[in-house]
Amino acid sequence: MEVFLQTLVAGILKGGLYALIGLGMTLIMGVMGIINLAHGQLMMVAMYVTFVLFHYLGIDPYTSLLISMPSLFLLGVLIQKYLLNPLMKVESILPENQVLMTVGIGMVLTEIARFIFTSNYLSVKTSYSSAAIFVGGISFSVALTIAFIFACTLTGILFWFLIKTDLGRSIRAVSQDGEAAQLMGINAERIKVVTMGIGSALVAAAGTLLLPIYYLFPDIGGPFTRRAFVITILGGLGSTVGAIFGGLTLGLAEAFSSTYMGMEFEDMIGLVIFVLVLLFLPGGLKSLTKV
Amino acid sequence: MNRIVFCLFTTVLVALVSLGLVLAAGDPIKVGVVLPLTGEQAKFGEIEKNSFVMGVEEINKSGGINGRPIDLMMEDDTGKPDVGRSAIEKLISQDKVIVVTGGYSSSVTYAVSAAAQQRKIPFLVTTGSADKITEQGWDYVFRIGPPVSEYPKALNSFLAEVVKPKTVAILHENTLFGQSGSKEFAQQCESTGIKVLMKEGYEAGAVDFKPLLIKVKAAKPDFVYMISYIMDAALLMRQSKELNFNPKLFVGGGAGFTLPEFASNAGDAAEYVFSADLWSPTLPYTGAKEYFDNYLKRFNTPTEYHGAQAYSSIYVVADALKRAKELTPEGVREALTATDMMTVFGPVKFVSYEKKKQQNSLPTYLVQWQKGVLETVWPKNVATKPYVFPVSEWSQR
Numbered sequence: 000m001e002v003f004l005q006t007l008v009a010g011i012l013k014g015g016l017y018a019l020i021g022l023g024m025t026l027i028m029g030v031m032g033i034i035n036l037a038h039g040q041l042m043m044v045a046m047y048v049t050f051v052l053f054h055y056l057g058i059d060p061y062t063s064l065l066i067s068m069p070s071l072f073l074l075g076v077l078i079q080k081y082l083l084n085p086l087m088k089v090e091s092i093l094p095e096n097q098v099l100m101t102v103g104i105g106m107v108l109t110e111i112a113r114f115i116f117t118s119n120y121l122s123v124k125t126s127y128s129s130a131a132i133f134v135g136g137i138s139f140s141v142a143l144t145i146a147f148i149f150a151c152t153l154t155g156i157l158f159w160f161l162i163k164t165d166l167g168r169s170i171r172a173v174s175q176d177g178e179a180a181q182l183m184g185i186n187a188e189r190i191k192v193v194t195m196g197i198g199s200a201l202v203a204a205a206g207t208l209l210l211p212i213y214y215l216f217p218d219i220g221g222p223f224t225r226r227a228f229v230i231t232i233l234g235g236l237g238s239t240v241g242a243i244f245g246g247l248t249l250g251l252a253e254a255f256s257s258t259y260m261g262m263e264f265e266d267m268i269g270l271v272i273f274v275l276v277l278l279f280l281p282g283g284l285k286s287l288t289k290v
Numbered sequence: 000m001n002r003i004v005f006c007l008f009t010t011v012l013v014a015l016v017s018l019g020l021v022l023a024a025g026d027p028i029k030v031g032v033v034l035p036l037t038g039e040q041a042k043f044g045e046i047e048k049n050s051f052v053m054g055v056e057e058i059n060k061s062g063g064i065n066g067r068p069i070d071l072m073m074e075d076d077t078g079k080p081d082v083g084r085s086a087i088e089k090l091i092s093q094d095k096v097i098v099v100t101g102g103y104s105s106s107v108t109y110a111v112s113a114a115a116q117q118r119k120i121p122f123l124v125t126t127g128s129a130d131k132i133t134e135q136g137w138d139y140v141f142r143i144g145p146p147v148s149e150y151p152k153a154l155n156s157f158l159a160e161v162v163k164p165k166t167v168a169i170l171h172e173n174t175l176f177g178q179s180g181s182k183e184f185a186q187q188c189e190s191t192g193i194k195v196l197m198k199e200g201y202e203a204g205a206v207d208f209k210p211l212l213i214k215v216k217a218a219k220p221d222f223v224y225m226i227s228y229i230m231d232a233a234l235l236m237r238q239s240k241e242l243n244f245n246p247k248l249f250v251g252g253g254a255g256f257t258l259p260e261f262a263s264n265a266g267d268a269a270e271y272v273f274s275a276d277l278w279s280p281t282l283p284y285t286g287a288k289e290y291f292d293n294y295l296k297r298f299n300t301p302t303e304y305h306g307a308q309a310y311s312s313i314y315v316v317a318d319a320l321k322r323a324k325e326l327t328p329e330g331v332r333e334a335l336t337a338t339d340m341m342t343v344f345g346p347v348k349f350v351s352y353e354k355k356k357q358q359n360s361l362p363t364y365l366v367q368w369q370k371g372v373l374e375t376v377w378p379k380n381v382a383t384k385p386y387v388f389p390v391s392e393w394s395q396r
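Those protein sequences? They're chains A and B, same order as listed. With numbering that gives the first Met the number 0, the residue at position 276 of the first sequence is 275, and numbering never jumps. With numbering that gives the first Met the number 0, the residue at position 92 of the second sequence is 91, and numbering never jumps.
No lab work stands behind these hints: they were computed from the structure. We put the CB at the ideal spot given by N, CA and C, even for glycine. A few of these clues could be false.
What the hints assert, rightly or not - Which bits of chain B does chain A cover? Going by a derived footprint, with three or more residues having C-beta under 8 Å, they are:
no.	region
1	195-201
2	223-237
3	241-255
The shape of chain B in the complex, shown without the other chains (with noise of 0.2 Å):
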């Protein structure tokens, strides 16, 4: 009896296994990937995740790395620093992995990047955008993303351009991630002549934001530079509404001011709001409005940013495996610096400059909510509808 279950259960095995293998044969080379499944950030870490998927399909589908598939391995990070340092070890003791990619928060990418440069195995960052992390000189970590202090880079064009303002508030969120983006953006205000009046921190999660608006009100800046989560962002849109508070505009620093469910939740109090952003769908890269489509399809959900970003890390690893000369960690690291290619997210080259070395260099966008879907505003090549200012008053909308 025992014998036929035996049999009966590696029949099955082998059929799943053989089922995996069966679209692009030979032994699979094992790519580790670090995000965080669970815990706070893991809504990014599902949209990064779904990307990564449907990315190691395409290229198992289309033949893989020279006839062999790409396994991916994942492991949860869990948005702490520590758990990160561990994933990356396992990955690299036990999977035996030979690449990793991911890496959402800045802080647990920086601890998976010491690690990986320790071990000497490269490491394709997908989004963790602290400047510092492709500053420490380490020539195994890579990064796709631009760092944060690069966000803002096409809104300073527009207000340069167009917008010509003479002072600022900027809110901002008390964590790591909303002080130093705050931190950032205020230095390059300030290198640029525009005075910045007040810089407040607020806890996440406040019920009414009306006395910080109040004195910001009062204060009469040109414009308000917000780094908010999603819901923190919609109330501070409806309040402003509510104080008819009108600066010349209102600018949020990406994060929850791209996602669709700031639109849904703040409704007509997020018309016209600018944000900065670092992908859209009809920018002209070939596949990415593919990409969002089937993303859509298949998760019924739209995708962003973060989402091109890791569909595009896929391809960019397969890339380097395919050019490898042998693969072992130090051939993958040398054919990603030789890495010069055309993804979703953008064209993709390491490249040194300042103080970061093997740095992807892309430019960012100014993106402005109009009747409630996001528009590319500017730069004006890529825009897919003329930007809206002057911003009429609340109360004459």
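Next up, chain A with everything else stripped away, as it sits in the complex (with noise of 0.2 Å):
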């Protein structure tokens, strides 16, 4: 029983945190109708941003998020902006090869901060980094815990601005339909700049809360690009309910696969998954939901 709660507790905050990589990645999917395939990059580079925050200027990587968040906002712009809406205007370019150029801005990414930095592991060591509380014999690490509060805390604000405030309203017209929302006066290329910010400050907000747990290397936005792939087509292409429910499930899934089945099939599980979805609910979890 201990070993079953264990990880079920190990499957849900870990799933918390790819909530959180999803919800970028579905945003940006649902305004823009492409599926970002730099998303794990842009984590890479919030990742690198917090590292450099932590390791010469001291700044604790929970309050780095003030600054790491922000700039990747910026970068989701300028991307945004300067790199794919033009991409729009081009005809001969279907707006559907806006998804080759992230796979190039992604390498881009990816080169620059080996450039930089090297190929060589780095981490941030905090105090709570392997530090856990026991609550009944199961064991929940801190900085896990804090992570899984702060993405449900983003994931509440994030529902708020979509549903309550003007802008959020305009995305998710833009979202439900580009077309129509740009007749009743919505500056689609606005939102869609927009958006992506949202979107890669999301992802900002994910790598910065991984990194006193993990390690960072230059190579390591790919497995993540993957996973938020597998996870938005699990929730149902756009829909921010499904890529919370998506993120859970995965993280559950990789937990349970690895205690029951051998650690070996962890990465295989969520392929095989994203495979069945396909196969047998295209749709996603949004098709059962309708959210």
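Using the hints, build the complex out of the two chains.
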């Protein structure tokens, strides 16, 4: 029973972080209709920002959220404004080719990181990096628990923003029907720029929260882009509620397969779920909940 | 105009070449080196390359091979057996080397050894540790480092004399190195009466090892043996601490557990972790400490057993070249078989035992992280600090 509960806790805590990674991607997916394949690489950039702030200025990773999120917001805005939006205007290029552009951006970001920081492994060690609280024999990693709380808070703020504010409503409108939204007087191009910024800021938060418990090197982005992709498909493209459930499902699936099947199957299980969802539930969890 | 440029160019060229030869005159002797200089194993290739260069410069400065300097011909194997094979073919056919050394990963070393045997060029293996490399009866292949099955030799005697464990859990990364190492160790445990409770592989680069560690914790092994690369090793230890998982001891099987990066990334979770090791600068071998200090001074980073193997390899090659009756591959091979010398890596003598041929036999060591420093703790006669055992629980530190 202890093994089961501990696995459950590990899965849920990790799922919270995954949800945050997936949320950014699904938001971008909804508004722009493309998968952002540089998502993990943006997270890598945020992790380097956090590392530099911690290592050279001694700023705690949680405080540096205040810097890493805005700077990644800015990076996302610039990428959308100067690299992705111009592609839309060239008629000979299909809009879908923005996806290829994101792959390129991801590679450039990785190589820039390698150029500046080399391929060495880096990590941020804080007093709480390997601390744990015990509740009835079950260990809760302090850093992961804090990350989980932050993830829930940020998700809450995002929902409030999407439902209550004008800008949030505009984003939802463009997500539901871009052309109709434009006819209603919404500047779709500006909305796309803002959405890309918010998506990048969300994944930046995930990266910053992950760094105290994990490590960092330039090629770290790829596996997380893949996970974000699986979560987005699992939750249903463009569905924010779906992304949360997708993240939790993936976290739990990875944890339980490691405990009960063997850890070498951990990566495989995510992709098996991916294929099964595409085969039997092509719309993802969204098609069940209609949210 | 062209002529002036040409003249200038030749002058500079001649000046540069003679600058290199000024310390040891005469025709250089070419020695081939095969190493992973790019790719995933480049970090290890770099340590070995630096050590080879250091060794050659010292040898040439003190007169070279009877007045002739050694010229290192480095080839990159990129960590792939097929590239390694063509690298040694190039060294033999184009550069006409009469002896080859190097070889980091086991699979590359195996391919290079086969080619060396086929072309009848002596090959001194620096690291490549799979047992089968020296078990083929190849008479042109020599190995300075111990085979992988002997890495935990010191650990086994420590277990038998001090810990006396009954059960073990083995965790390994899911690669050829991890799989073969864990298989060998499981067999050794079974034969000494230690029960292997579980042998679990994992995919390198995982975020969360807790599900795996929970399972290991529930099995309550006396000790845990791990074969991992640096960052996985650090995470395994950090998360064991988080879970308050307290076996009698944690032991690493060399590789990631002896590098300085392990301690800096695992932090206090690295404390009191044991590991198998092949060398340390504190061993009573002449020059070991100097080699370590010189390396640190020149490259600004500490060296470890891979570097010592490379540094010693070039000295063994130089010794054989000096003694060779004639400078042909056959002459060098014969000189190598008669090698009996002291290096910073330990005494080198190529002997045949069990199925192995022309294999250098060396003791291995058990090291332990104590206050962030890697201390040799077993066998007792070379220990730099007494071992800390039993280790107190995480919560009581």
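Going down the list of hints, with the structure as the test:
For a cut-off of 8 Å, the count of residues in the region 195-201 of chain B with a CB near a CB of chain A stands at 3, and the three-residue condition holds. For the region 223-237 of chain B, the assignment as covered by chain A holds, since 5 residues bring a beta-carbon within under 8 Å of that chain's beta-carbons and 3 suffice. A count of 3 residues in the region 241-255 of chain B with a Cβ less than 8 Å from any Cβ of chain A is obtained; the coverage claim is therefore met, three being the minimum.
Hint compliance for this structure: every hint is met.
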